[in-house]
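Number of protein chains: 2
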Amino acid sequence: MNRLYHVALSPFCRKVRLVLAEKRIEVELQEERYWEKQTEFLRRNPAGQVPVLRYDGRFLTESGAICEYLDAIVPEPQLIPSDPEAAYEVRRLVGWFDDKFHHEVTANLVYERVNTRLTGKGYPDSRAVKAGAQNIKFHIDYMESLLERRRWLAGDVMTLADFAAAAHFSCLDYIRDVDWNRSATVKDWYAKIKSRPAFRSILADVLPGLPQPPHYADLDF
Amino acid sequence: MNRLYHVALSPFCRKVRLVLAEKRIEVELQEERYWEKQTEFLRRNPAGQVPVLRYDGRFLTESGAICEYLDAIVPEPQLIPSDPEAAYEVRRLVGWFDDKFHHEVTANLVYERVNTRLTGKGYPDSRAVKAGAQNIKFHIDYMESLLERRRWLAGDVMTLADFAAAAHFSCLDYIRDVDWNRSATVKDWYAKIKSRPAFRSILADVLPGLPQPPHYADLDF
Chain A
0 MNRLYHVALS PFCRKVRLVL AEKRIEVELQ EERYWEKQTE FLRRNPAGQV PVLRYDGRFL
60 TESGAICEYL DAIVPEPQLI PSDPEAAYEV RRLVGWFDDK FHHEVTANLV YERVNTRLTG
120 KGYPDSRAVK AGAQNIKFHI DYMESLLERR RWLAGDVMTL ADFAAAAHFS CLDYIRDVDW
180 NRSATVKDWY AKIKSRPAFR SILADVLPGL PQPPHYADLD F
Chain B
0 MNRLYHVALS PFCRKVRLVL AEKRIEVELQ EERYWEKQTE FLRRNPAGQV PVLRYDGRFL
60 TESGAICEYL DAIVPEPQLI PSDPEAAYEV RRLVGWFDDK FHHEVTANLV YERVNTRLTG
120 KGYPDSRAVK AGAQNIKFHI DYMESLLERR RWLAGDVMTL ADFAAAAHFS CLDYIRDVDW
180 NRSATVKDWY AKIKSRPAFR SILADVLPGL PQPPHYADLD F
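Residue numbers (numbering that gives the first Met the number 0), protein chains in the order written: chain A, 0 to 220; chain B, 0 to 220.
Hints are not guaranteed to be accurate.
Each pair may be met inside one copy or between any two copies, as identical chains are not told apart.
In silico DSBU-like pairs for lysine-lysine, Cα to Cα no more than 35 Å straight-line [what the hints assert, rightly or not]: (1) Lys99 <-> Lys120; (2) Lys120 <-> Lys136; (3) Lys22 <-> Lys186; (4) Lys136 <-> Lys99; (5) Lys99 <-> Lys22; (6) Lys99 <-> Lys191; (7) Lys186 <-> Lys99; (8) Lys129 <-> Lys99; (9) Lys186 <-> Lys136; (10) Lys191 <-> Lys129; (11) Lys186 <-> Lys120.
FYI, nobody ran anything at the bench for these hints, they're computed from the structure.
Could you put the whole structure together from the sequences, leaning on the hints where they help?
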């Protein structure tokens, strides 16, 4: 059985979960308390990070490399187009969300609010939380500008860019940090992706001590 | 004429420069004072980051997406293998250097020592510098463990993984932060890649107020 070592509110783990589910690759989830840096976990991944995917007996790391690999070996549905121009736009946006958005928004909000609690290391830094809440507005506006001319973020078909973005948004939505009133266009995009069967496992996540907000799993939020 | 907007000691810009040079794609370099966030620059790239590549009249951003794109449209020499297993290992290592190594080493050393000076924002944080100097040892040991069973970092041919790593090491070498005595294996790897024609432009970089150390451009360092 394939297994994904993950933490529930990691956008990188969620991106891989979405890809696995969309491609109907069965996988068993195992929560990884990666911050404890246990020897066993470090043996699986010397980088000491999640996600780690055990696939066909090997341990795969780095969410970007994992998604590219899965898209190559299980081509349906294709999440990174073969056309170099289209693939560029997908990878540009995956980079946008996993680097820029992650740094400016997710790290400031999810990591501050949740990880400080999970790992027992200190309290959220209110300046970080404020910065994250401010930055997400710019990003929603940017997404709106893309979605006004495209059905999905990178073009007219759903791609890895949508999963990367939705992985971040779903984590932020769990902690009530997305203002869905800011853009009807972005809300529609999220409603579309949220209603996919691949999203079900993510909507079922429950964190100990941090219950789901009522709208989180609601497809008609 | 294609043009790369860059800063000299950015590992992400250097990775793209190496790929362009290796593929013999001619490009004009233009230094970008990205931290000033000029309107003109932000118009080219709303992410406000370097590198930005003007290619065939379009502006391309995100170094990872740019390298994948260039490898697809100019296939020789191939830097990301077609075989999914081999490609996975290349992308895993590119991720390793551009995420983990960047965060643990480059940001702590290059950004602290150089960018604080360039941007006129404060002084290097000595704790960061100390952490970077400590962390690079672990990474050199990890590279040695790879290079003991492979000719290049990701396998027996040179790939984007080597360019990603060499881009970081060349920045660190400019500021004398690589202890080449730690591993003869890693030193040999760097000597091999440094002697490629693609590396020449990087070895010719001179930063105002920060002269090259004598060994930096020496192929027999």
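Results of checking the hints against the structure:
| no. | hint | in the structure |
| --- | --- | --- |
| 1 | Lys99 <-> Lys120 | both (24 Å within a copy, 21 Å between copies) |
| 2 | Lys120 <-> Lys136 | both (28 Å within a copy, 27 Å between copies) |
| 3 | Lys22 <-> Lys186 | within (25 Å within a copy, 42 Å between copies) |
| 4 | Lys136 <-> Lys99 | both (14 Å within a copy, 28 Å between copies) |
| 5 | Lys99 <-> Lys22 | both (27 Å within a copy, 28 Å between copies) |
| 6 | Lys99 <-> Lys191 | both (24 Å within a copy, 33 Å between copies) |
| 7 | Lys186 <-> Lys99 | both (21 Å within a copy, 33 Å between copies) |
| 8 | Lys129 <-> Lys99 | both (17 Å within a copy, 26 Å between copies) |
| 9 | Lys186 <-> Lys136 | within (13 Å within a copy, 46 Å between copies) |
| 10 | Lys191 <-> Lys129 | within (29 Å within a copy, 48 Å between copies) |
| 11 | Lys186 <-> Lys120 | within (34 Å within a copy, 39 Å between copies) |
Against the hints set out earlier in the document, no violation occurs for any number.
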